[in-house]
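Chemist: From just these sequences and the hints, can you work out the full model?
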Amino acid sequence: MNGALAQVVDAHMGHDLLQPYTTSEVTKALFQMASLKSPGPDVLVPKCKHPEVLSQFMPISLCNVVYKIASKAIANRLKPILDKIISPSQSSFVPGWLISDNILLAFELNHFLNNKTQGRQGWMALKLDVSKAYDKVEWSFLEQVSSQSSQAVKDMLEIYKSASEGEQDGTLFGPPVADSSL
1 MNGALAQVVD AHMGHDLLQP YTTSEVTKAL FQMASLKSPG PDVLVPKCKH PEVLSQFMPI
61 SLCNVVYKIA SKAIANRLKP ILDKIISPSQ SSFVPGWLIS DNILLAFELN HFLNNKTQGR
121 QGWMALKLDV SKAYDKVEWS FLEQVSSQSS QAVKDMLEIY KSASEGEQDG TLFGPPVADS
181 SL
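Be aware that the sequence shown starts at 1, since it is given in full-length UniProt numbering, and climbs by one per residue.
Zero decoy hints are in this set.
The calculated lysine to aspartate or glutamate pairs, modelled on EDC-like cross-linking and capped at a C-alpha distance of 20 Å, are:
#1 K84 <-> D10
#2 K79 <-> D16
#3 K72 <-> D16
#4 K79 <-> D10
#5 K68 <-> E25
#6 K79 <-> E25
#7 K84 <-> D16
For the record, the hints were derived by calculation from the structure and aren't laboratory data.
Modeler: Printed below as a string of structure tokens:
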């Protein structure tokens, strides 16, 4: 892995990405969420076997809401620099491109390989799984990649890792506000 990745987030971009979130950024992210859609499980968790009154239920955890707002705020910060940090070959992540554009690219590559008649240099194509690859990435891989990246990338990875592990202590948007553990 050493040296396999070019650093695309420069110091200036990293500095901008790591600034504390402002109230307006959090508000914007909140209002960009679908107003009539639940951001996660919306249930009361019972404290005993057969609860009869409201006090016998644990309060609804809002960790999913905090994570959704945090993700949206981070995405809003990343949008202006996406064209600088995403390779054009990663077409499904480029605004305005469709994952189906890769079908045309694959067809053209196949046509080239089938019609190549000159030269001694060999060519090959790989067919890889195009299912939701981002759902299958291991944290250990991301940590290894981030070890070669800027401090901004390392910090962003820590934020996502904390959110995915349910570490909700209110520090994402400023100083800790309360211990949210039940």
